[in-house]
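Be aware that the sequence shown starts at 1, since it is given in UniProt numbering, and climbs by one per residue.
What the hints contain is simulated information worked out from the structure, not anything from laboratory work.
Do not rely on the hints blindly, as some may be mistaken.
Said to hold, decoys possible - Using 27 Å as the maximum straight-line C-alpha spacing, the simulated BS3-like pairs for lysine-lysine come out as follows:
(1) Lys10 <-> Lys63
(2) Lys77 <-> Lys63
(3) Lys12 <-> Lys61
(4) Lys12 <-> Lys63
(5) Lys106 <-> Lys183
(6) Lys54 <-> Lys77
(7) Lys56 <-> Lys12
(8) Lys24 <-> Lys40
(9) Lys175 <-> Lys61
(10) Lys175 <-> Lys106
(11) Lys106 <-> Lys54
(12) Lys54 <-> Lys95
(13) Lys95 <-> Lys24
(14) Lys183 <-> Lys77
(15) Lys40 <-> Lys63
(16) Lys24 <-> Lys56
(17) Lys183 <-> Lys24
(18) Lys10 <-> Lys56
(19) Lys106 <-> Lys40
(20) Lys106 <-> Lys10
(21) Lys56 <-> Lys106
(22) Lys61 <-> Lys95
(23) Lys106 <-> Lys77
(24) Lys24 <-> Lys12
(25) Lys77 <-> Lys24
(26) Lys175 <-> Lys77
(27) Lys40 <-> Lys61
(28) Lys183 <-> Lys40
(29) Lys106 <-> Lys61
(30) Lys54 <-> Lys10
(31) Lys10 <-> Lys24
(32) Lys61 <-> Lys77
(33) Lys95 <-> Lys183
(34) Lys175 <-> Lys24
(35) Lys56 <-> Lys77
(36) Lys95 <-> Lys12
(37) Lys40 <-> Lys12
(38) Lys12 <-> Lys175
(39) Lys56 <-> Lys175
(40) Lys10 <-> Lys95
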Amino acid sequence: LFGNDIDNLKLKITTSGMNIIRLKILDDDRERYEVPIPIKWYPSNVEQQQQQQKIKFRLTKTKYNQIGFQIVRVDTKALLFDTSYFAEGFIYDDKYLQFMTTIPSKNIYGMGENTHSSFQHNLNSNMRYGIFARDQRPIGLNENLYGTHPFYMVIENDGNAFGVFIFNSNAQDYKFSLFERDKSMLTYRTIGGILDL
1 LFGNDIDNLK LKITTSGMNI IRLKILDDDR ERYEVPIPIK WYPSNVEQQQ QQQKIKFRLT
61 KTKYNQIGFQ IVRVDTKALL FDTSYFAEGF IYDDKYLQFM TTIPSKNIYG MGENTHSSFQ
121 HNLNSNMRYG IFARDQRPIG LNENLYGTHP FYMVIENDGN AFGVFIFNSN AQDYKFSLFE
181 RDKSMLTYRT IGGILDL
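Just need the whole structure built from these sequences, with the hints factored in.
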């Protein structure tokens, strides 16, 4: 997009217990900025990894050899995070990162701090929200506020729930949209750092 695509990416996947996967996509040739605040992350040891995981990671490849990935709930086969449908929309540029994923429900909450008319996202609004903190009291709709919280929670159609945290402190934006009858999608963009989910 900006002419500085990063060609050699490294995918680092770790688990913590049976319910949490951490996915980091890094430049394999040079270091990039990462948020300098440690996360309390307790990677599973070998014995824990051999236990039955409740969610699993898998790579996908389109007929055009584009790589995507999925996070799957093992017991229901629900695709909690699936970039394979939008593999061509994945961009890892020096100053622009983007991914698009399908979401197995229309019940989406979170990604603040900005004002909304309801807790549940309106998927018909075609609204793109910025994630960039500013000292602004809540005086209207669609305004950035004091903090940035790139986390969203989904209540699936069968009553299960999951959350996704995006660990990035650069300027970001996102848009939730309808995808299919019972599904939605997320387009996420940022201007730097790494993808750490």
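| field | Hint numbers contradicted by this structure | value | Violated: hints 12, 15, 19, 20, 27, 28 and 33.
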